[in-house]
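**Q** Keeping their order, the protein sequence lines are chains A and B. For the first sequence, this note's numbering assigns the number 1 to the initial residue and increments by one for each residue that follows. For the second sequence, this note's numbering assigns the number 1 to the initial residue and increments by one for each residue that follows.
One or more of the hints may lead you astray.
Computed Cβ-Cβ distance ranges for the label pairs, DEER-style [as the list claims (entries may be wrong)]:
{"hint": "1", "chain 1": "A", "residue 1": "E30", "chain 2": "B", "residue 2": "D79", "range": "32 to 40 angstroms"}
{"hint": "2", "chain 1": "B", "residue 1": "S10", "chain 2": "A", "residue 2": "E30", "range": "14 to 22 angstroms"}
{"hint": "3", "chain 1": "A", "residue 1": "G16", "chain 2": "B", "residue 2": "E56", "range": "45 to 53 angstroms"}
{"hint": "4", "chain 1": "A", "residue 1": "F10", "chain 2": "B", "residue 2": "K112", "range": "43 to 51 angstroms"}
{"hint": "5", "chain 1": "B", "residue 1": "K112", "chain 2": "A", "residue 2": "S67", "range": "41 to 49 angstroms"}
If the Cβ cut is set under 7 angstroms, some of the chain A residues that face chain B in the computed set are [said to hold, decoys possible]:
{"hint": "6", "residue": "G40"}
{"hint": "7", "residue": "F90"}
{"hint": "8", "residue": "R96"}
{"hint": "9", "residue": "Q101"}
Derived by calculation from the structure, the hints in this document are not laboratory data. Only a predicted model underlies this, so the values are computations on that prediction, with no experimental measurement involved. For each residue, glycine too, the CB sits at the ideal point set by N, CA and C.
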Amino acid sequence: NAGVTQTPKFQVLKTGQSMTLQCAQDMNHEYMSWYRQDPGMGLRLIHYSVGAGITDQGEVPNGYNVSRSTTEDFPLRLLSAAPSQTSVYFCASGRRGVFGQGTRLTVV
Amino acid sequence: QQQVKQSPQSLIVQKGGISIINCAYENTAFDYFPWYQQFPGKGPALLIAIRPDVSEKKEGRFTISFNKSAKQFSLHIMDSQPGDSATYFCAASKGEYGNKLVFGAGTILRVKS
Numbered sequence: 001n002a003g004v005t006q007t008p009k010f011q012v013l014k015t016g017q018s019m020t021l022q023c024a025q026d027m028n029h030e031y032m033s034w035y036r037q038d039p040g041m042g043l044r045l046i047h048y049s050v051g052a053g054i055t056d057q058g059e060v061p062n063g064y065n066v067s068r069s070t071t072e073d074f075p076l077r078l079l080s081a082a083p084s085q086t087s088v089y090f091c092a093s094g095r096r097g098v099f100g101q102g103t104r105l106t107v108v
Numbered sequence: 001q002q003q004v005k006q007s008p009q010s011l012i013v014q015k016g017g018i019s020i021i022n023c024a025y026e027n028t029a030f031d032y033f034p035w036y037q038q039f040p041g042k043g044p045a046l047l048i049a050i051r052p053d054v055s056e057k058k059e060g061r062f063t064i065s066f067n068k069s070a071k072q073f074s075l076h077i078m079d080s081q082p083g084d085s086a087t088y089f090c091a092a093s094k095g096e097y098g099n100k101l102v103f104g105a106g107t108i109l110r111v112k113s
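Could you build the full structure based on these sequences and the hints that come with them?
**A** Below, the structure is given as structure tokens:
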């Protein structure tokens with residue numbers, strides 16, 4: 001029972017590159033969400049999903065896309081990476097927020 | 001603007017002492033108030049949570065005090081231990097439990113042995 005699995009753990013991107021952060025959960029949770037964590041700002045909600053095929057924007061959605069084709073997976077796509085997207089990204093699952101270990105992303 | 005304000009930013013407490021972290025919120029529609037604990041390199045983990053129909057909730061050494069009229073809630077860690085050294089986040093949401101959590105900025109707690 002792995003809980004919430006995020007890959008990769010670390011990533012360095014060049015400005016303008018695209019990539020997908022993966023998130024998978026094995027708890028059959030309908031609700032999943034993505035947050036970014038920046039120093040002194042806590043965690044801020046990027047996108048969330050209340051079930052397969054249903055997604056919505058959070059507080060800071062610009063520059064990110066999501067889709068939810070299965071209950072288990074909720075990938076986060078960076079369309080054209082910018083230095084302002086350097087952050088630690090957390091995927092969370094379930095109503096009470098079971099968080100993954102995070103992906104530390106640096107955009108140079 | 002920050003909907004949940006957390007203080008202090010950092011806190012140093014002696015082993016065995018009481019750690020107190022405070023949060024204030026603006027949105028009166030919030031009805032779920034969790035606290036998360038985060039160790040370096042790890043994701044946040046739910047520590048304890050409260051709904052606004054009670055003024056206090058205790059789980060082991062951790063207690064949430066909630067003041068609905070003042071729109072404030074706080075985390076008390078009794079008999080603080082070096083293993084409690086971590087970053088603590090308060091959060092709030094409306095509706096069903098942890099939907100669309102709004103987090104405070106975090107408090108770095110260090111417990112000196």
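**Q** Each hint needs a verdict: does it hold in this structure or not?
**A** Now the hints, each set against the structure:
Taking 32 to 40 angstroms as the suggested C-beta distance range, the pair A/E30 and B/D79 conforms, at roughly 38 angstroms. Here the CB-CB span from B/S10 to A/E30 is close to 37 angstroms, at odds with the stated 14 to 22 angstroms. Hint check: A/G16 to B/E56, Cβ distance near 52 angstroms, so the stated range 45 to 53 angstroms holds. At about 32 angstroms, the CB distance of A/F10 to B/K112 disagrees with the hint of 43 to 51 angstroms.
For B/K112 and A/S67, the hinted distance range of 41 to 49 angstroms is satisfied, since their beta carbons lie about 47 angstroms from each other. Given the 7 angstroms rule on beta carbons, the hint for A/G40 holds: about 6 angstroms separates it from the nearest Cβ of chain B. Checking A/F90 against chain B by beta carbon gives a least distance of about 5 angstroms; that is within 7 angstroms, so the hint holds. Taken as an interface hint, A/R96 checks out: its beta carbon lies about 5 angstroms from the nearest beta carbon of chain B, inside 7 angstroms.
A least Cβ separation of about 5 angstroms between A/Q101 and chain B falls short of the 7 angstroms threshold, and the interface hint therefore holds.
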